[in-house]
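A.B. asks: Start from the sequences, fold in the hints, and give me the full structure.
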Amino acid sequence: MSKRISRWHIFRHTSAPYLFIAPFIIMFAIFYLYPLIKSLILAFYITVGPKSKIFVGFDNFRFMFHDPDFYRAVRNTVLYALGSVFVQLPVSLGLAILLNRSKYPGRNFFRFSFFSPYMFGSVFVAVLFGVLFVPHFGLVNKLVAFFYSVDIKWLSNPKLVLPALILTALWLYAGLNMIYFLAALQSVPKELYEAARVDGANALHQFLHVTWPGIKPVAVFVIMMSTIGSFQLFELAWVMLDSSPGPDNAGLTIIMYLYQSGFVSGDLGYASAIGWVLTCGLGIISFFQMKVTGALSK
Amino acid sequence: MIIFPFGKAPAVILVAALLAGGWLLLHPRGKEDANLVLWSFAKTHITAYNQALPALNHAYPDVKLSVKQIHFEALNRRLLSSFWSDLPSQPDLVEIEISCVGTYFKGPKEQIGFEDLKPRLVESGMYNRIVRNRLATWSNRGGIYGIPNDVHPVMLAYRRDIADSLGICVDSLYTWDRFIEAGRRFTVEGERYMIELNEQNVGSLECFLFQRGGGYFDSLGNVIFDNPVAVATMEWFVPLVTGKGRIGADLGSGQNAAVLFYKALEEGYYLFFICPDWRSSFIQEYSPRLAGKMALMPMPAFYPGGRRTSTQGGTMMAITKACKDKDKAWKTALFLYTNPEGRSRSFKKTNIIPPFRDAWTEPVFHEPNAFWSGQKLGEMYIGLADSIPPQYSNPFVVLAKGKLSQALVSCTQYYSVNGSSGFRDHIRKALTASADEVRKYQKRGLIE
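So the protein sequences, as listed, match chains V and H. Here the first sequence is numbered in the UniProt record's numbering, starting from 1 and rising by one per residue. Here the second sequence is numbered in the UniProt record's numbering, starting from 1 and rising by one per residue.
Think of the hints as simulated: they come from the structure by calculation, not from any bench. Among the clues, some could well be false.
What the hints assert, rightly or not - FRET-style restraints, in silico, Cβ to Cβ:
| no. | chain 1 | residue 1 | chain 2 | residue 2 | range |
| --- | --- | --- | --- | --- | --- |
| 1 | H | Ser172 | V | Tyr148 | 38 to 44 Å |
| 2 | H | Arg424 | V | His66 | 26 to 32 Å |
| 3 | H | Gly268 | V | Ser286 | 51 to 57 Å |
Stated by the list, open to error - Residues on chain V that point at chain H, a partial pick, calculated with CB under 8 Å:
| no. | residue |
| --- | --- |
| 4 | Arg12 |
| 5 | Ala16 |
| 6 | Phe63 |
| 7 | His136 |
| 8 | Leu155 |
| 9 | Pro158 |
| 10 | Asp248 |
| 11 | Phe263 |
| 12 | Val264 |
None of these values were measured; they are calculated from a predicted model. For every residue, glycine included, the Cβ atom is placed at its ideal position computed from N, Cα and C.
C.D. replies: Right, here's the structure in full:
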């Protein structure tokens, strides 16, 4: 009896972890691992139509690196990512610092207000801003008209498409990143500020020597997630620009380029190659970000 | 007391899963008794088909049709994926829009997921009843893969009340030269434009390109949007939307701008706009305040006696190769597109004229329309239907539109800086560069 119990006991302890992770492993294998391997194989084929594919070796990659649209997509995506990191994140951090002050009246209301755009989702926001940016009759131009009598064609002028997208993304994502920063700020011990003040540190010194080191792990995480998210930009631009890359491909992003290649042109092989280049690119960027921010040194 | 070996939480999850699974097992989804499934993206079509179901069942008791509305993007993605993967979840009948039909024609001919309907069209006599140029859109390498739902001839719609008050005699605007001359007199920059024209996307430009007999591809699939017709059209078009002599403007393109287009129209921001038959019903629906203030006229020609229409948009009904009973699907498709009651109902709702010539004598197409100042809208569009230019579909048409758009932007920028000096050369270079990009993709992507 005791032998049976001990076997059962051993079985429980040895099998339990595998049973717990089994659902994830099965789902991961079916929906991630298999497509991942399949896409890697497909990247070396041209696929045309339902069942035709031809092995082309590295030709998909060669074609991509000679295609001006690919460079346009990379340029647009990088500019958008820079806009996200250098405009969105400082705004998010500023809002978080502002709303972290205990004496600030109505701070819970503002925290919710700034975060709320994220709850609407990017498709809704894209439709909304698509209407707001309409020339002559759109609200943005009505506001601009108070100061300048110009009719700005936000989504028709190739030079203004990216700024319009960055502004929209700022409204959409600033609140979300603010929440991350807010959580990080609240974990910085108050005593450190008191000690810094005793030592004569002004607000800038307190930020540089107390706040920033305290929130750095979260900041690194937010920067990386924003960068990766920016490189995955698709639905916001796609909906805002009415299912197109915009005038003169001004809103063409890497994912849009991938989508068009795979699902509009029907070349899943080329689309897979684009996907792998994007993955490798993101890996390299993330590595450098971690290196620069010192996240790897720990 | 029974103790679950892995703790309480997994026990709860297991119980919840068993309960949910058991419930689903005991309440299976009602099996559809339909023997044909039709997918469509157009709400107005769906409404018309559902209304026609009793008559369909009466005419063909063996047909049990299930009509499903699926979002435009989702329909195409699901259908393409089904074709590519040989999934069984394909409909028997499906409506496909003109902008994406080319994608279905990629690859070897025998792998096109739709049934070639040409033999059936010829055998049934439908082939000679349909506007011939309309079949071009749905044809590929000798096959015809759908029954056209429409012709979509284009006219110019205008604010009749404003035109009258300004003393514009629309009958005298029978050539574009005359139209532009009038436009320069009546356009007030930033306040009122003679015509709504897309400045950066190719929506308007391609309409004029087709009117002049040009296009993106010829019937053999060769890229032609850098030919002399395209160069001349671009040279003619750009000054209409750029510089001091401009007569056209837009509010951007697509759904976002469409929301405010009706407001702009009501405020008299535009006097004229390009209006295929389908768009006329949108104006009726979204700008009811303009009832009796609007009118239609044929497009001006590029030269006296020239073509006075173009074409924009389109839908076909196809039978998938996966359909098990193609005869049943064929007679259902024909019934939905040709039964007079359904057609009459559909026209009253959508203003879309059918592509079947023999249907044009039906009274509904000759009734005056109070919204359009009492004009016989159907009759006017029918009068132009046989003149529509052919529009050839191609797997690379989306790419070609994007490349033409790039050339348009380049030409617009050049013209706004340099005016007409060296403009034609620049157009040639820009169009050739864009067309070569498409040829590059074409060369690479063809597996015959």
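A.B. asks: Work down the list of hints and note, for each, if the structure agrees.
C.D. replies: Each hint, compared with the structure:
no., hint, in the structure
1, H/Ser172 <-> V/Tyr148: 38 to 44 Å, "holds (39 Å)"
2, H/Arg424 <-> V/His66: 26 to 32 Å, "holds (29 Å)"
3, H/Gly268 <-> V/Ser286: 51 to 57 Å, "holds (54 Å)"
4, Arg12, "holds (5 Å)"
5, Ala16, "holds (6 Å)"
6, Phe63, "holds (7 Å)"
7, His136, "holds (7 Å)"
8, Leu155, "holds (5 Å)"
9, Pro158, "holds (6 Å)"
10, Asp248, "holds (4 Å)"
11, Phe263, "holds (6 Å)"
12, Val264, "holds (5 Å)"
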